[in-house]
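Heads up: the sequence shown is residues 136 to 670, going by the numbering used here.
Some hints could be false.
Taking lysine-lysine pairs in the BS3-like style, the calculated list, with each CA pair at most 27 Å apart, reads [what the hints assert, rightly or not]:
id : residue 1 : residue 2
1  : 504       : 295
2  : 670       : 324
3  : 504       : 324
It is worth saying that the hints were derived from the structure and are not from the lab.
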Amino acid sequence: MVMTIGASPVCLSLSRGIEWPRSDQPTDARTDSTGFSNGLREGSLHSVCGAGILQWFVAFAAAGSTAEMTAAPSDRFLGITVLGDFLLSEGPDAVLENLLGAGATAVACNPTVTAEADEATGSFQPPRDGGSSPRVFDRPLFGKHALWVRSGVSYHPNPKCYTDSPYGHRQPNDLTDAHGHVIGEFLDKATAAGLTTYFQIGAVQPSGMRDEDRPRLPDGSLPVRRMADTGSLASEAIRAYNRAYVRDLLDVYPQVTGFRPDWPEYPCYTFDEIFRDFGTHAETWARAHGFDFDRMRADVGEFFSALQGRLRNEHLREFASPDRGRFAMLSWFHERPGIAEWLRFKSALSADVIAHWREIITEAGGTGKELMINAFMPPYSILTGLNFAAAARHAVAVSPKLYTMHWSQMVSFWGDVLLETNPGLDEALAVRTLVNLMDIVESDDSRDQLADFGYPNPDEPHPIANEPQLRKLGQAQLALRGNSQLYPLVHGYGPCDDYARRLQVVADAGVPGLWINRYGYLGDEKLAATARIWK
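Start from the sequences and build out the full structure, keeping to the hints where you can.
If you want it as structure tokens, here you go:
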């Protein structure tokens, strides 16, 4: 299949109208100890302007450029995530039967078991996604479609594995003793049925994470608005915990095929989340690897401040126009190298974390244990730091998320902040700027109000057309450079017809594999649609 590639500019930016403080730091090119230079990074599309501005400029400028996506074989990879709560609610055999009926070739679960709880003792499922999600499960969980649950680790950890980790192991409880065995039994049954099996766990989310290991804003504070509670990619304490946790898990579950770390990057769901990481761990790592941390902090801090109080309509007009601010953005990044270096820094740091994951998996289980990476789709990956080319060097597959309900939600999250902090800002201009930067609408799409976006209800189609999804798939494929498999990650949330539409987009794109998140949103009708579409 030949796919024409088009994209919008990718980083939130202002036009040239705002006066930025001049840095006294030199801007001449240099190379840091990782081999990254201030200009083009060899072997990576995430290069100029910190992380791939060149990639998107080329995609814009080269009329008729294409990305080849090869036709898929009939036995394409299909993975479905199944959290432990549904294994307890429905039973391992029933879940496995449904997975096989849908055509699954792989399953991912977590080493956690749950039981129904009350608000005082539990957490709410499905996740509320920053308080904006109206999600409910399609499949009943313990007889309900939304409820409070409490959890426990599915095994008894070995304290000796954590001797060198500042973080201890997860604490077993009564659920561990009563139900923990179910996870191992399910992995055995799935393996016997011919499925490959994976643990999906947080890439930088240790149990009981301390504030000192959370990423910081330019002024050193923690973000007030945050949806994903992930740690600093530069934290050595978190890396030590990951090493201990992987070793512990493989001692107990040697049958598992591999791991799927989620968020080996800096999530950007909310506005504040974009502008991390300026904590002490990040500063140490940046200076050790040749990045100008002072310049990054000054330029990003000024940018963050300007966006919340000094943004005017004239700054947005170029980005809201059909041109989408291409020239203005590239000119601005040329003038403000600290922002570009910060994006490049996050890209390098994400690549380093992914390499560390490969190292600790090999150390504990050998080279045969697989690493697959979850990721934000382009162009969000420019802001999160996820470096597809670097990930491809270590992972057998990369799974960028086609979480279209989140893309719509992020327009509201980011737009609310811009409108609240910049009185007089035109809502239509702000919305058009955001959807152009995110590349989630077509040029003839007239939606320009925040009310047009937001989190869709369970019975509402996701408000993202097929074409932007196809562009993002093509961009991710280009970024991998053929060095790893592209297994996009589709979310099961939403009405069946719309789920089938989104699944068909991926099926027709000719990618070699697919992950679906998650089983709880796949009612029987959706399971049947999956089997029919993904052949």
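Right, here's what the structure says about each hint:
no., hint, verdict
1, 504 / 295, "holds (22 Å)"
2, 670 / 324, "holds (23 Å)"
3, 504 / 324, "holds (19 Å)"
Of the numbered hints given earlier, the model fails none.
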